[in-house]
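**Q** Protein chains in written order, with this note's numbering: chain H, 190 to 320; chain E, 190 to 320.
Hints in this document: simulated from the structure, not taken from any laboratory. Yeah, the Cβ is synthetic: ideal placement off N, Cα and C, and Gly gets one too. The reader is advised that the hints may include incorrect statements.
Claimed, not checked - Taking beta-carbon pairs under 8 Å as the criterion, some of the chain E residues facing chain H (in silico):
id	residue
1	Asp227
2	Leu261
3	Val275
4	Glu304
5	Ala310
Said to hold, decoys possible - In silico negatives: residues of chain E with every beta carbon more than 12 Å from chain H:
id	residue
6	Ser240
7	Arg249
8	Gln283
9	Ala292
10	Gln313
2 protein chains.
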Amino acid sequence: MTEIKRASVLLAHGSSDPQWVTPFTQLLAHIREQLPQDGVRTELAFMELASPSLSDTIRRLAAGGCNHIDVLPLFFAAGRHLRRDVPAMLDDLQAALQQQGLAVTIHLHSPVGLEPEVARAISQVVVRQLS
Amino acid sequence: MTEIKRASVLLAHGSSDPQWVTPFTQLLAHIREQLPQDGVRTELAFMELASPSLSDTIRRLAAGGCNHIDVLPLFFAAGRHLRRDVPAMLDDLQAALQQQGLAVTIHLHSPVGLEPEVARAISQVVVRQLS
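Just chain H, same shape as in the assembly (with noise of 0.2 Å):
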């Protein structure tokens, strides 16, 4: 029986401006403070313009021995990217690893943003600066 490795990735979009990438790094230190020490590795990873790319994130995460690895969306909704170009690029990334003798499962989350607490957050902002 294979034992089971598991493996996280936080996936951003991604911008051509180095500024951008920040309040990204900053909450990836802020949720491994909160994961147990001996936890699931976390990673952050994004889907153009910046790196690491999630293709790369992954092989990695794979060629060091993680076989189940989570996708999380750090979105606000899903359209044409998280609903066909990642599930297809995750797809195709599944097979070459499968290839390559690295079968990793890969679960591809909702966006964060459509999950009630991070929605009710955002309404309380958006009150806060109109009141």
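Guided by the hints, dock chain E onto chain H, whose structure is given.
**A** Quick look at chain E alone, frame taken from chain H:
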């Protein structure tokens, strides 16, 4: 003395995918419920690929008599769009409206995703999904 008539615009990126818009219209409805009934008029607009555009929305609000407009970006971070394109567009628009006799003050806020409560909610969701 001119009476101040405020309005606000929630600015989302926009997508060619019609389903992408749904969570934002839900968020707008939720925010409108929480704001006082006699308070600031609040609209939703998109930077690209979806309508209404930010400029059309501001023109419409200005034509309706609004002279103080808050623009609140529903973004996780500020990249090229929010730091260059949008401010330049708003400056041009403000000058064009002024020439038409519509003096409008437009205030572009920081992205809501940078606010601590939103970042905290995102961390909570991610930690829960990974636990």
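**Q** It remains to establish, for every hint, whether it holds in the given structure.
**A** Quick rundown of the hints versus the structure:
A cut of 8 Å between beta carbons decides the hint on aspartate 227 of chain E: the least distance to chain H is about 13 Å, and the hint is violated. Satisfaction of the interface hint for leucine 261 of chain E is found here, the shortest Cβ-Cβ separation to chain H being roughly 6 Å, below the 8 Å cut-off. Hint on valine 275 of chain E is violated. Least Cβ distance to chain H is approximately 13 Å, over the 8 Å limit. Against a cut-off of 8 Å between C-beta atoms, the interface hint on glutamate 304 of chain E holds, since the closest Cβ of chain H lies about 5 Å away.
The interface hint given for alanine 310 of chain E is met, as the beta carbon of that residue sits about 4 Å from the closest beta carbon of chain H, less than 8 Å. No Cβ of chain H approaches the Cβ of serine 240 of chain E within 12 Å, the least distance being about 15 Å, so the stated non-interface status holds. The claim that arginine 249 of chain E is not at the interface with chain H holds, since no C-beta of that chain comes within 12 Å of its own (minimum 18 Å). At the 12 Å boundary, the C-beta of glutamine 283 of chain E stays outside the reach of chain H, the nearest C-beta of that chain being 20 Å off.
At roughly 21 Å, the least C-beta separation between alanine 292 of chain E and chain H is larger than 12 Å, which holds for a residue marked as non-interface. Taking the minimum C-beta to C-beta distance to chain H, about 6 Å, the non-interface status of glutamine 313 of chain E is violated against the 12 Å cut.
Hint check: violations occur at hints 1, 3 and 10; the rest are consistent with the structure.
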